[in-house]
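*Asks:* Sequence:
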Amino acid sequence: MGPLSFLDIMPSARHMFCALALVFIVAGCTKKAHENVDLRTRIAAARTSQYCHSNACFSPHILVIENGYFVTVFTGDRPQHTAVSAETLGEYLVALPMSAWPAGPIVGITPSDDVIDSQAIQKNLDQAQRVCRSLGLDVQFRPGG
Numbered sequence: 001m002g003p004l005s006f007l008d009i010m011p012s013a014r015h016m017f018c019a020l021a022l023v024f025i026v027a028g029c030t031k032k033a034h035e036n037v038d039l040r041t042r043i044a045a046a047r048t049s050q051y052c053h054s055n056a057c058f059s060p061h062i063l064v065i066e067n068g069y070f071v072t073v074f075t076g077d078r079p080q081h082t083a084v085s086a087e088t089l090g091e092y093l094v095a096l097p098m099s100a101w102p103a104g105p106i107v108g109i110t111p112s113d114d115v116i117d118s119q120a121i122q123k124n125l126d127q128a129q130r131v132c133r134s135l136g137l138d139v140q141f142r143p144g145g
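So the sequence shown is numbered by the numbering used here: it starts at 1 and just counts up by one.
FYI, nobody ran anything at the bench for these hints, they're computed from the structure. Backbone N, C-alpha and C fix where the C-beta goes; we use that ideal spot for every residue, glycine too. Be aware that one or more of the hints could be misleading.
[Unchecked claim] Restricting the straight-line Cα-Cα distance to at most 25 angstroms, the calculated cross-link-like pairs of lysine to any residue (SDA-like) are:
id, residue 1, residue 2
1, Lys123, Met98
2, Lys123, Arg78
3, Lys123, Asp77
4, Lys123, Ile65
5, Lys123, Thr72
6, Lys123, Ala83
7, Lys123, Pro143
8, Lys123, Pro102
9, Lys123, Ile106
10, Lys123, Phe141
11, Lys123, Gly144
12, Lys123, Ser134
13, Lys123, Val37
14, Lys123, Thr82
15, Lys123, Val84
16, Lys123, Arg133
17, Lys123, Asn67
18, Lys123, His61
19, Lys123, Asp138
20, Lys123, Ser85
21, Lys123, Ser112
22, Lys123, Phe70
23, Lys123, Asp113
[Said to hold, decoys possible] For each label pair, taking beta carbons as the anchor points, the in silico distance ranges come out as:
id, residue 1, residue 2, range
24, Leu96, Arg142, 15 to 25 angstroms
25, Gln122, Arg47, 31 to 41 angstroms
26, Gln50, Asp117, 36 to 46 angstroms
All chains should be built: construct the whole structure from the sequences, respecting the hints.
*Replies:* As C-alpha cells, then:
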C-alpha cells in the first residue's frame with residue numbers, strides 16, 4: 001500500500017465536515033428559547049399600553065403550584081389560564097403576544113396557599129422569580145391568601 005492520494009483523503013474530510021456541522025446544529029437547537037432574551041426591551045418597543053382598555057390593564061400573573069404554574073393572561077377583560085411546567089415557563093412568557101403585557105414588563109407571582117409540599121412550592125417560586133428577572137421583567141410578589 002502506497003501513499004494516500006488526494007481522492008483517498010477527500011471522503012474522510014467530507015465526513016469530518018458533516019460531523020462538525022451536525023454538532024453545531026445540535027448545539028444550537030439545544031439552547032433554551034428564553035436565554036439571552038430581553039423581554040423588557042421587546043415590550044417597551046411594542047408600546048403595550050395601547051392594549052389597556054378601561055379597567056382591564058393586567059399583565060400576566062403566575063400562580064405557583066407544586067408541579068409548576070398556572071399563568072393567567074388577560075385578553076381584553078377575560079382571563080385565560082394555562083398550566084405551564086417549571087421547565088417551559090420562560091419559553092411560554094417569551095412566546096406571549098405583546099398584547100398580553102398592557103401594563104408593561106411586569107409579572108405578578110403568587111404562591112398557592114393550597115399546599116401539601118411546601119418545599120416544591122418554594123423551589124418553583126424561586127425558579128419563577130429567577131426566570132422572570134432573567135427576561136428583564138419586574139416581579140411583583142403577592143403572598144398567598
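*Asks:* Quick check: which numbered hints come out false for this structure?
*Replies:* 1, 2, 3, 8
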